[in-house]
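6 protein chains.
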Amino acid sequence: MRPSGRDLSEMRPVSIETGFTKHAEGSCLIKMGDTHVLCTATIEDRVPPFIKGSGLGWVTAEYGMLPRATNTRMRREAASGKQGGRTVEIQRLIGRALRAGVDRVALGERQITVDCDVIQADGGTRCASITGGWVALRLAVNKLMKAGDVISDPLVDPVAAVSCGIYAGQPVLDLDYPEDSEAGVDGNFIMTGSGKLIEVQMSAEGSVFNRAQLDQLLGLAEKGVGELVAAQMAATA
Amino acid sequence: MRPSGRDLSEMRPVSIETGFTKHAEGSCLIKMGDTHVLCTATIEDRVPPFIKGSGLGWVTAEYGMLPRATNTRMRREAASGKQGGRTVEIQRLIGRALRAGVDRVALGERQITVDCDVIQADGGTRCASITGGWVALRLAVNKLMKAGDVISDPLVDPVAAVSCGIYAGQPVLDLDYPEDSEAGVDGNFIMTGSGKLIEVQMSAEGSVFNRAQLDQLLGLAEKGVGELVAAQMAATA
Amino acid sequence: MRPSGRDLSEMRPVSIETGFTKHAEGSCLIKMGDTHVLCTATIEDRVPPFIKGSGLGWVTAEYGMLPRATNTRMRREAASGKQGGRTVEIQRLIGRALRAGVDRVALGERQITVDCDVIQADGGTRCASITGGWVALRLAVNKLMKAGDVISDPLVDPVAAVSCGIYAGQPVLDLDYPEDSEAGVDGNFIMTGSGKLIEVQMSAEGSVFNRAQLDQLLGLAEKGVGELVAAQMAATA
Amino acid sequence: MRPSGRDLSEMRPVSIETGFTKHAEGSCLIKMGDTHVLCTATIEDRVPPFIKGSGLGWVTAEYGMLPRATNTRMRREAASGKQGGRTVEIQRLIGRALRAGVDRVALGERQITVDCDVIQADGGTRCASITGGWVALRLAVNKLMKAGDVISDPLVDPVAAVSCGIYAGQPVLDLDYPEDSEAGVDGNFIMTGSGKLIEVQMSAEGSVFNRAQLDQLLGLAEKGVGELVAAQMAATA
Amino acid sequence: MRPSGRDLSEMRPVSIETGFTKHAEGSCLIKMGDTHVLCTATIEDRVPPFIKGSGLGWVTAEYGMLPRATNTRMRREAASGKQGGRTVEIQRLIGRALRAGVDRVALGERQITVDCDVIQADGGTRCASITGGWVALRLAVNKLMKAGDVISDPLVDPVAAVSCGIYAGQPVLDLDYPEDSEAGVDGNFIMTGSGKLIEVQMSAEGSVFNRAQLDQLLGLAEKGVGELVAAQMAATA
Amino acid sequence: MRPSGRDLSEMRPVSIETGFTKHAEGSCLIKMGDTHVLCTATIEDRVPPFIKGSGLGWVTAEYGMLPRATNTRMRREAASGKQGGRTVEIQRLIGRALRAGVDRVALGERQITVDCDVIQADGGTRCASITGGWVALRLAVNKLMKAGDVISDPLVDPVAAVSCGIYAGQPVLDLDYPEDSEAGVDGNFIMTGSGKLIEVQMSAEGSVFNRAQLDQLLGLAEKGVGELVAAQMAATA
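Protein chains in written order, with UniProt numbering: chain P, 1 to 237; chain Z, 1 to 237; chain U, 1 to 237; chain G, 1 to 237; chain D, 1 to 237; chain S, 1 to 237.
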């Protein structure tokens, strides 16, 4: 029933290639099917003004899409002079999600910026960004711990995200672009490795849903995030 | 236990004053406690390029906060040269929410822009904007129907929104600013008059939550939205 | 002869509701007929760089119009990415006018920002902004004096403004929008409570005027400002 | 008494060199003492959207200052990414002033843009821009008439402007920078060759003025504009 | 003598992986040592306004760097609101270079946009962009020809570019970042497959050079471009 | 053969009028035929952050064109909200060129900004800017040396620039606009008074060139720069 022939609860193949670029303190190229996102983590000694002197660390994220990551070329945001609403919304989401898994006291007064740049898009770029972004963050924090700059591990629980939705009347896991553009209801579940919820964003466009359906989608999400966390562990072992 | 002395499932007093400004096709000043939002609806004969010639209508929203709506003055977005990420995120949410209650075929090829401007803020401005925005939309559509420009009512179901969260370990309804700034978990539920879900946005900042808690919050939201829809009906009767 | 039926030297009804918003140090909603402007005054301990360390205070103003304050919706300036020329011109005028009534030594090294946001427009928004802005300023300064932060009253003389113009060949006082859009000559007189001139801006569009007419308009302005100052006194008594 | 040794009613030497640049349809370099402004007039066959098809012409102006026109270098507006409030205010004034002397029916549906670029500043740049701008406009219109594109002269009356102010307690004509920066009251009078008023902008900074003083300043302005119009006539004879 | 141990006239290893992304009409990942650039070519049926209706085609380029392509993180240009001077300069160069190898009549009235995004930088990113950009262009044009949309091959001669400079007093070929940051003289030679010059940009920073040295650098460039063209041929065979 | 009737190696008449504006530390109006550029040099005690505390000086440049410097009016860059790519490219070139002739240790920790504003354009504005910019720089440095603020002359060698190109198949010197717009190959040579090369920018648009031609153009450039340096010496003697 799904365009890709996948089962309702079947994820696309996931691969995470760490160390994809040499300069960043942590980096990976995550592929969820045909969605490819390059994630890098940069450590800096400064923090935003609102926590200066607090001893707390900060994790933030930026998101971008290469102009031809999509089927038709999108205008380059640097050329149009601002980040679009969708970009801003996504990068705020990524930052919030990653911070939920961080002990900011243990991190100490420094900032880690996770850049997620979509090389190729086929649906689910924000979930791939969060999942791959956590891997880049993990690698960067490992460097800090190895150097003795951070003593107690600030990454208290892995963070991963997966999309779910109602496609052709059926709850499905990990929507690709053809599904995403048809689904009446879809959204993202961001969870921890221990199965806790960090963020639920479920939204209907030209449709509605009910509590029973929300529950079914939650079940699918738990399965999907479990697989993603396993991939994160394997990549950073 | 709540700073305001309210019960866990008690809303703030809601008032909706319609016709607050004379130029707009629909307008109201909605007050949810000390949160006051002016909502206006503007009808225009043009639609965005991507639906030109489709016969479909469009509903969109813009959101703003007066500089001194808050406790300390915020920089005017017109002066800083762009709408901040929070503003963009909120106005996209309002537009999406309102469209979910609209039969775009019945509306016909025209656009209604709902402007939500926060006069005074005390938490929950996006929910007040959606709830008040729907009232402005209702009044504008009434005008179209009265003039015979629209025959069949395009507003298929009222749309309202309420915030819920976990404050001091307890699920509470309709957070005000003192609660909002302390809550580890909070979010918004957007629902229809008939009790269907349109959007769920539940997010933890420095915390996590589980399925049971999500369920409790859903229950509170159903109660709150019920009361808001009643207020909408009373205001537009 | 006037569209509203007013006499040539008759003002629109003026009302000033103080304390319209709870957060600002001073606030009012001023109505001059159908022109409604929300004015708030914010006290901050910082001053602009060019007077840092001088011991002098500063009063500045910002002006905005809600998108649907007017008959047809105007584009939101925050969305278009900059304040238009008209906005910039008006807010510079308001700031200059208010400073003319302030003893900046007595104010001490602090800044008061007066925000004037037009909720509904029907001509004369800049004059209403100055007149209402002074009320907000007065209330904020009262707070400083009550707290003992300022000893000698820095508001040496009330400041108010009124528009005049030549409409259908006749000098008229306090133009509303239908008059304003037809008048060949119009402008604003900003004066003090004691009858001194602060600023005269009289301008012809597609017309000219002579010294005798300027003199007649000055006479009308004196009458109008007198009434506005009385309203300011009543509101802040 | 004046820093320059001039009499109270004495203008600075005025010179107008026409044809300063070869590309523009009309151009001049106007010098009012040490204030030097290059004015060019450009004829284009298009008009702004709001008068398309009306048969009416349009005259507009832009104003700029070279970065080192002033005593200390100002940031280039093109580099800072926007025109400052002062620039916007001035160019709107110049456009309004010039249009007051134009019969827009006679001009026909075309636009003339007058660019005023300050090469060197010593006070009074907006007045020099208006006075020199009219000369550029005159020369451009002459070209249109010579070519038979315009039959009846659209320039019904010359337009010129001069500043006046109260310096050291005395009304003075044509303020230079040292006077301008000290004057408690100053402003600009824009008049026609036949002695009619187009715009009066008189403003007090940290001071006030009365009707008698405004009258004295008007007298000075009439004298000054008379001399400027004579210079305009000589330059375009 | 070179930090990398290369001979003076030795290029870094070059690899070109075509088809790196699936959506673009042509794409490759070019690696010149540790400099990695993703190049995509997008065909669109529209052309810029200035050649509309001329029957001529257009080739243009855009350039970007991922924030952490470099040793320290650079601010994302989309976030800072504009493309920096270096970016603008480079993308104009790439476009000009590629157009020099195109028969715009044969291409027909369509536009090909070549996006060059630097994934990892180690010097010579503009040369890699031109060389890889030509490969993407070649692949896109192949598609047009295969589809019969273009009959005669518009790519008249391959285009490639290499940097040269004087490092530690010696002329060297293909500078990497450590050399580039130390070289007193460096620049880029853009040439065709048949050995003609398209663009020479040689520049001294804190140094000068003479005709004999320019001649030596030209000799090195001819060698380098020869090798690059061979790699282009191999990748697109 | 040339539109102007000049010989292939004949420059346009050059004139340099120093002291063109009174405020700048150094200024001149340079005319190369009908290309007129006003150059001013401003000395400031601050330096860019990246050399703060290094003891080194900095020379930078900005470039602009008055809107009607050209045959048809160009949009004012301050109004369009950013400097175009061409402007940015040119001002970076001017700054680089001038720095090549400066001993930054001798200059001391201060910045000199050279503004080049094109009053009238007829081809070769960037070369005129560099040549005239050096004169303004020379005059400003003279002031520093006279005042004893700088002891040893930081201007080690004059810097001048000239354009060359292949017009109608012939190498020609100092292209004017009619030639520039037709030339298949053209570029700029920036050289020192002692005949050394600082920058070579030779570029083909819709054409190619070879080493022999590059050599011929270099010969022409040497002749042209020699004449320009003589004019610089005469102007600053």
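In case anyone wonders, no lab produced these hints; they're calculated from the structure.
Each hint should be verified, as a subset may be incorrect.
Note that the list lumps identical chains together, so a pair holds whenever it fits in one copy or between two copies.
Stated by the list, open to error - The list that follows gives simulated cross-link-like pairs (lysine to aspartate or glutamate, DMTMM-like), each with its CA atoms no further than 20 Å apart: (1) 146 <-> 25; (2) 143 <-> 222; (3) 22 <-> 34; (4) 31 <-> 103; (5) 52 <-> 109; (6) 52 <-> 227; (7) 22 <-> 10.
| Checking residue 22 and residue 10: alpha-carbon separation at most 20 Å within a copy, between copies, both or neither? | For residue 22 and residue 10, the Cα distance exceeds 20 Å both inside one copy (33 Å) and across copies (23 Å).
| query | When no copy is specified for residue 143 and residue 222, does a C-alpha distance of 20 Å or less occur within a copy, between copies, both, or neither? | reply | Close neither inside one copy (30 Å) nor across copies (44 Å); limit 20 Å.
| field | residue 22 and residue 34: within-copy, between-copy, both or neither at 20 Å Cα | value | between (24 Å within a copy, 9 Å between copies)
| request: Measure nothing new, just compare the shortest in-copy and cross-copy C-alpha distances for residue 146 and residue 25 to 20 Å and report within, between, both or neither. | output: within (12 Å within a copy, 45 Å between copies)
| query | How would you classify residue 52 and residue 227 at a CA-CA limit of 20 Å: within, between, both, or neither? | reply | neither (38 Å within a copy, 43 Å between copies)
| From the Cα coordinates, with 20 Å as the cut-off, is the pair residue 52 and residue 109 best called within, between, both, or neither? | within (8 Å within a copy, 26 Å between copies)
| request: Pop the pair residue 31 and residue 103 into one bin, within, between, both or neither, using alpha-carbon distances up to 20 Å. | output: neither (28 Å within a copy, 38 Å between copies)
Going through the hint list in order, the structure does not satisfy hints 2, 4, 6 and 7.
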